[in-house]
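Those protein sequence lines, which keep their order, are chains A and B. Just so you know, the first sequence maps onto residues 1 to 192 in our numbering. Just so you know, the second sequence maps onto residues 1 to 393 in our numbering.
I should point out that these hints are in silico values taken from the structure, not numbers from a laboratory. Using N, Cα and C, we set each Cβ at its ideal position, and we do this for glycine too. Wrong hints could be hidden among the right ones.
As the list claims (entries may be wrong) - Restricting the straight-line Cα-Cα distance to at most 30 Å, the calculated cross-link-like pairs of lysine-lysine (BS3-like) are:
(1) K222/B with K60/A
(2) K115/A with K222/B
(3) K250/B with K3/A
(4) K60/A with K378/B
(5) K117/A with K362/B
(6) K362/B with K91/A
(7) K60/A with K186/B
(8) K222/B with K233/B
(9) K245/B with K286/B
(10) K188/B with K3/A
Stated by the list, open to error - Some chain A residues near chain B, calculated using beta-carbon distances under 8 Å:
(11) T19
(12) L22
(13) A25
(14) F29
(15) Y34
(16) I35
(17) Q36
(18) G37
(19) F38
(20) Y41
(21) T62
(22) V63
(23) N66
(24) C119
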Amino acid sequence: MSKVVEIRWHGRGGQGAKTASLLLADAAFNTGKYIQGFPEYGPERMGAPITAYNRISDEKITVHSNIYEPDYVVVVDETLLNSVDVTAGLKEDGAIIINTAKEPEEIRKKLKGYKGKVCTIDARTISIDCLKRYFPNTPMLAAVVKVSGIMDEEEFIKDMEESFAHKFASKPQVIEGNMQALKRALMEVKGL
Amino acid sequence: MAIRDRLSGNEAVAVAMRQINPDVVAAFPITPSTEVPQYFSSFVADGKVDTEFVPVESEHSAMSACIGAQAAGARTVTATSANGLALMWEMLYIAASLRLPVMLAVVNRALSGPINIHNDHSDSMGARDSGWIQIYGETNQEAYDNLIQAIRIGEHPDVMLPVMSCYDGFITSHAVENIDLIEDDKVKEFVGEYKPQYHLNDRFNPVSMGALDLQNHYFEHKRQQAEAMRNAKKVILEVAEEFYKLTGRKYGLFEEYKMEDAEIAVVVINSTAGTAKYVVDRLREKGVKAGLVKIRVYRPFPVEEIVAALSKCKAVAVMDKADSFNAAGGPLFTDVTSALYGRADGIKVINYIYGLGGRDVKTDDIEAIYNTLLDIVKTGEVKSVYNYIGVRE
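Chain A with its partners taken away, still in its complex shape (with noise of 0.2 Å):
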């Protein structure tokens, strides 16, 4: 991977899209890469909509801007799509993913014609059974890394587990839950 890879986050205030972002740049900073995690602060709320951002890239990055022409975008909440325009900029040749239930094509007629790649995958389904609670961001996390194969996904899986264990030092009875979420949602995106 010689270019930037760039990606969008856009989720609701409160589900982690933020903290989903961070994880990325973690995973792949552990993989050796460079990396730049960060949110678009504006104000902050419960359930108001928020963005945030990657960079990744095998060189050092230095554009500071917001992401404007990403190569991924991932929506965290899917009744975003009725008020963000969330495939603004997005390349044709990169993809988009969803937390839906529903299938990738019926997911596209919402996308003002976007003609790249949809992926989708249902993230509270994966969590509520992994997880006993709505955390969206831990499946999605995963779906992003199987999506843009922005890192080897075994690699990945070993790299969360010790990052988990190291997270939830105090509550290690997490740890197990979110792993399977991880594992799940690597083999459940559709639309690849």
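Fit chain B to the known structure of chain A by using the hints.
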């Protein structure tokens, strides 16, 4: 061996503070600098530093406490942003004139009003004549490296001035990026022990500080203060050289990017310099002789050095992330043009005010500026000197 890590700018600065292990930190939270004392206070609670942490009730008190502590012989650090810096105003001048090398991390944010929490340089630019040394950093790495060097610069016996180490709010403070950290013991050795020449706890050499200073001596003291600022330039370069030997990372008064044969150049401060480097690379691919000067040390202002760097250019754009409201141009523009006057006349210099209140600066914006410079070179004509970019008019 450097420690490869990924941290936000605020995390990096808090780590630098842990490694410096100051005697006193007095701080009051304000976005986007809040995390600096927040992370640092956890280092205090975890016993990782020996610092006396003073959670004061305002920024005026934060700076006052720092001044008191530094006067008593303590190495002192604090952090703030925007209106927090404004509330310190009165005390900034006291710290500088008492020649107390207090360290202040300024996480640049737009000064209200209208109220805004995002990045521009209106806070620290307003403090440019307060007698503090001002050093600016493009990235989390530079914010970290600058704070460590700032300790040595400010405390140098030829300087004895307080130092602001500034970096962009959110863009740098809250973005996680790669960084190379220095080992704790090496930072400890690099900053050394604080041995002030005079302090209030030295009972063998008692001194008064802050005494009334009227027509008799005030002017002489200000003259000495000005001399200290002149001395700082040499000390900054000496410290940078030593830092280079420690880390392999080179610092100067400013960074020249592809300036060797540049015909057009942009002068800019902080994170936008990184975005501009990307644009310079693209322009170079097309054969355009574009370059960039990124100011690191703004006070003292590197007059002769800037002239040398720009003297071969045909047209230069100075970018200011703060307006001066003087109907003439931004602060950096005024300083650059003053420097060139009589030393390198004939270079066409224009000004752009950009990014106020966190307005995002795109590569397209910077490219447009370089294109304007190309036009000026081609036609020899400057249509407008004082400009704005990225604003709806």
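For this session: Please name the hints from earlier in the document that this structure breaks, with their numbers sorted from lowest to highest.
Result: 1, 2, 4, 9, 10, 11, 24
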